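Listed here are the chains, written in short residue letters.
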Amino acid sequence: DVKVTQSSRYLVKRTGEKVFLECVQDMDHENMFWYRQDPGLGLRLIYFSYDVKMKEKGDIPEGYSVSREKKERFSLILESASTNQTSMYLCASSSNNVLTFGAGSRLTVL
Amino acid sequence: AQTVTQSQPEMSVQEAETVTLSCTYDTSENNYYLFWYKQPPSRQMILVIRQEAYKQQNATENRFSVNFQKAAKSFSLKISDSQLGDTAMYFCAFMKHGPFTNMRFGAGTRLTVKP
Numbered sequence: 069d070v071k072v073t074q075s076s077r078y079l080v081k082r083t084g085e086k087v088f089l090e091c092v093q094d095m096d097h098e099n100m101f102w103y104r105q106d107p108g109l110g111l112r113l114i115y116f117s118y119d120v121k122m123k124e125k126g127d128i129p130e131g132y133s134v135s136r137e138k139k140e141r142f143s144l145i146l147e148s149a150s151t152n153q154t155s156m157y158l159c160a161s162s163s164n165n166v167l168t169f170g171a172g173s174r175l176t177v178l
Numbered sequence: 014a015q016t017v018t019q020s021q022p023e024m025s026v027q028e029a030e031t032v033t034l035s036c037t038y039d040t041s042e043n044n045y046y047l048f049w050y051k052q053p054p055s056r057q058m059i060l061v062i063r064q065e066a067y068k069q070q071n072a073t074e075n076r077f078s079v080n081f082q083k084a085a086k087s088f089s090l091k092i093s094d095s096q097l098g099d100t101a102m103y104f105c106a107f108m109k110h111g112p113f114t115n116m117r118f119g120a121g122t123r124l125t126v127k128p
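Those protein sequences? They're chains D and P, same order as listed. The opening position of the first sequence corresponds to residue 69 in the working numbering, with each subsequent residue numbered one higher. The opening position of the second sequence corresponds to residue 14 in the working numbering, with each subsequent residue numbered one higher.
With the rest of the complex left out, here is chain D:
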């Protein structure tokens, strides 16, 4: 089975801190994604990547950046965390148009 691993299940950070959310997949998938999940809004795409060092903005990229230096790893970076970035963050990778998700990282910004 494809495994998508998100390094942190729960994080608590302070406003203004730099935050790294790491995601690793083990099935050599080309495409990787970062979504944000909020109640009543579903999942909204922040960024996606279809190859190493390639990235595309999703629907809500403001306040976020990403890094894909290796095929298996896709990192989401909050340069200066704000309280409105408190959310559940889901990483996914895809093959044959099917997304496989990680367990999620719940971030609280105080």
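Hints are computed from structural coordinates only; laboratory data are not their basis. Watch out, some of these pointers could steer you wrong.
To be verified - Under the rule of at most 25 Å between Cα atoms (straight-line distance), these lysine-lysine pairs were calculated in the DSS-like manner:
id, chain 1, residue 1, chain 2, residue 2
1, P, Lys83, P, Lys127
2, D, Lys123, P, Lys127
3, P, Lys109, D, Lys121
4, P, Lys109, D, Lys125
5, D, Lys125, D, Lys86
6, D, Lys125, D, Lys139
7, D, Lys121, D, Lys86
8, P, Lys109, D, Lys139
9, P, Lys86, P, Lys127
10, P, Lys83, P, Lys68
This structure is a prediction, so every number in the text was calculated from the model and none was measured.
Fit chain P to the known structure of chain D by using the hints.
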């Protein structure tokens, strides 16, 4: 841009009964995929079922089936013989065919199966 609408924020069903979750979408594309994903409480999102738009036959996976109405842009999920383990958030999603495309999700329907 494509949009996905789930008009039922919450639903409940008795164990062993059948329930249908609604989903509509808006697109000008002709070739695309539709999905239902399930997210159990505090657990990982998993794929329930997938439909390719060019296929007229409705997809089925065990107790889960869809009613795909392409002209109406409707994609409902039917769960038969509901089980307690079906309690979850269910998300409808759309992806257009081709490379470098992303998946768009609805807001979700919280389904509770009652004993």
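Results for each hint:
1. P:Lys83 / P:Lys127: Roughly 32 Å between the alpha carbons, so the hint for Lys83 of chain P and Lys127 of chain P is violated.
2. D:Lys123 / P:Lys127: violated (44 Å)
3. P:Lys109 / D:Lys121: Holds - the C-alpha atoms of Lys121 of chain D and Lys109 of chain P are around 24 Å apart, at most 25 Å.
4. P:Lys109 / D:Lys125: Holds: Lys109 of chain P and Lys125 of chain D sit about 17 Å apart, inside 25 Å.
5. D:Lys125 / D:Lys86: Roughly 20 Å between the alpha carbons, so the hint for Lys125 of chain D and Lys86 of chain D holds.
6. D:Lys125 / D:Lys139: holds (18 Å)
7. D:Lys121 / D:Lys86: Measuring from Cα to Cα gives roughly 21 Å; hence the hint holds.
8. P:Lys109 / D:Lys139: holds (23 Å)
9. P:Lys86 / P:Lys127: At roughly 31 Å apart (the allowed maximum being 25 Å), Lys127 of chain P and Lys86 of chain P break the hint.
10. P:Lys83 / P:Lys68: Given pair Lys83 of chain P, Lys68 of chain P holds - Cα atoms ~10 Å apart, limit 25 Å.
Of the hints listed earlier, those the structure fails to meet are numbers 1, 2 and 9, in rising order.
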